[in-house]
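One-letter residues, chain by chain:
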Amino acid sequence: MPDDRRFHPGRLRHTVLEMAYAGSTVHIGCAFSIVELLAVLYRDHLRYPGNDPKAEGRDYLVLSKGHGVMAQYACMREMGWIGETEIQSYFSDGTHLKGLSDSRIPGLEVTSGSLGHGFSVGVGIALGARKQGTDQKIFAIVGDGELNEGSIWEGMLFAAHHRLDNLMIIVDENGFQAMGATEDVLSLGNLRAKFESFGFKTQEVDGHDEAAIDSAIRSLWATAPGQPKALVARTVKGKGVPFMEDDNRWHYTRLTAQTFAEAKGALGLSEGSK
Amino acid sequence: MRDAFSDALVRLAVQDPKVLLLTGDHGYALFDAFRNQCPAQYINAGIAEQNMVGMAAGLARAGFRPFVYGLSAFVPLRVLEQIKLDIAHDGLPVVLLGDGAGFVYSHLGTSHQSTEDIACTRVIAGLDVLSPADRHEMTACMAHAYAARRPVYLRMGKSDRGDVHSSSLAPLEAGRMIQVRAGQLDLPAFIATGSMVRTALDIAEQQVDAGVWSVPSIKPLDAAQVVRVARDSRGVVVLEEHSTYGGLGSAIAEIVGEHNPVRVMRIGVSDRFSEHCGTYSYLLKEHGLDHDCVLERIRMFIGSTPA
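So the protein lines, in turn, are chains A and B.
So for the first sequence, the UniProt record's numbering puts the first residue at 1; every next one is plus one.
So for the second sequence, the UniProt record's numbering puts the first residue at 1; every next one is plus one.
You may find that some hints are simply not true.
[As the list claims (entries may be wrong)] Each computed DSS-like pair below joins lysine-lysine, with the alpha-carbon atoms no more than 27 Å apart:
#1 LYS264/A with LYS98/A
#2 LYS54/A with LYS98/A
#3 LYS18/B with LYS131/A
#4 LYS18/B with LYS54/A
#5 LYS131/A with LYS54/A
[Said to hold, decoys possible] From chain A, some residues computed to sit far from chain B (all C-beta separations above 10 Å):
#6 GLY180
#7 GLU183
#8 GLY189
#9 GLU196
#10 ASP246
[Claimed, not checked] From the structure, some residues in chain A lie toward chain B, with a derived Cβ separation under 8 Å:
#11 ARG104
#12 HIS117
#13 VAL121
#14 GLY124
#15 ASN148
#16 SER151
Derived by calculation from the structure, the hints in this document are not laboratory data.
Glycine included, C-beta positions come from ideal geometry on N, C-alpha and C.
Given these sequences and hints, build the entire structure.
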């Protein structure tokens, strides 16, 4: 595909870097791991009638792991919902884009960052859509670290019991949480087996392979009526910038002028695709 | 009062199919009528309160009018963060119903007793706090909560203490206290909520001829009215089946202290959990909230407050 297609992952990461540098903020690694997932969802799956982020009847993208919100801002920029000024003034006094997902921003559906909240809200939206007989789809992106939260498993029990097949939980399985590897902090074991045992139709996918993500999402929706869906996406925290990849310091590290320049260089974008 | 609650809920659900009742596996028998008449609007979310409250936010976003029922020891306490972030932050029209407030579950111990819920909910921005005293206030509070289209916590305490109003009430005005008895102006005003309105009224009718105000709306609270009542009385006695920290007593003291300082006695639960097991009236006595203890404290207050 040409570099100038919408939601080009390199360009999305470039936006994330611009925001992170402008705001001198953290959570770059958390945003980078979900870039391809978001790119595929926005480009090929989410329906926003009239390109309106508040349109009634829209599909819902719930970013339960609010720490990845800069990647979503990058997509919202491509949608035309936020502008250049908002990117460059990120974190300036009096601006409205925050460091974590905030539902008052059109395009963001939940206030997350305290983990384990968004998924349940998504379950409620899915139940509401089902009761109203709409064909809306609800995607909820959770982090693997976020799966430490008990409320996620409460919501999974409910979704399976009530056969919410309009709901898809997408796990950003990047293998890290704030203080270390998920395997070292609170081992999650075999996620696919866990989701399946909870009654979710489940697929695993390389979370940076856009074609594979797209195909997995389509196949999940197309099969197993009556079952909620789970997509376990194996990702790399910090993906796209080699010195950030799998280095959990980029959960909390801020960019300097030098690392900003190096990271932009590593993305290797041609001028036309920025 | 529980019948009034059930009747109001069924009435709302019948007239508005968007009304949903979510329960965290509580409310045995209480919801029989609801389940019979509106089975599609009844959701037992299981023993999973966090998910239940988060889902209620999602359902409200999808256009529904969720009423979320739990014991007040769990809803709001266990799910306070869900109430703050998922519901109150966006002003979603969700009504949280906390049943069994105070010492209703006197035999079951601390896990089921609830003397913190008003303090916890008052501080959540944009969340109203209602606390009916009898069936008439319950009916009015339910109508008010539904019409408000905003986040509401409705506290349900001891339900069989009898009426404090002789007939049904006009629609609630947000924050207005309701005078249930006129009294002598050289005595303190009794301001009470929930179960303690009955106690205040008994004492006023039998021993201390004071005016009594019931507070079905703890938040918002009409500060100008509170100031008027305080100014026209010999101090204020506030009564509630809740901690003296952060409840109605605190709310009244904050207003009076800021606008018209007079003495305020806060009668409620002091900073302790129940020591013993027993009937509801036994536990009230343990906490100094039975008729005789309250009367004695009010007499001491009058004795030490200049006319």
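Outcome of the hint check:
1. LYS264/A with LYS98/A: The hint holds at about 23 Å.
2. LYS54/A with LYS98/A: 19 Å, holds
3. LYS18/B with LYS131/A: 10 Å, holds
4. LYS18/B with LYS54/A: The hint holds at about 20 Å.
5. LYS131/A with LYS54/A: 20 Å, holds
6. GLY180: Per Cβ check, GLY180/A is outside 10 Å of chain B; nearest 24 Å; holds.
7. GLU183: 25 Å, holds
8. GLY189: 21 Å, holds
9. GLU196: Non-interface label stands for GLU196/A: nearest chain B Cβ at 20 Å, farther than 10 Å.
10. ASP246: For ASP246/A, whose nearest Cβ neighbour in chain B is about 31 Å away, the distance exceeds 10 Å, so it holds.
11. ARG104: 7 Å, holds
12. HIS117: Holds - the Cβ of HIS117/A comes within 8 Å of chain B, reaching about 6 Å at its closest.
13. VAL121: 4 Å, holds
14. GLY124: 2 Å, holds
15. ASN148: With a closest approach of 13 Å, the ASN148/A hint is violated.
16. SER151: 4 Å, holds
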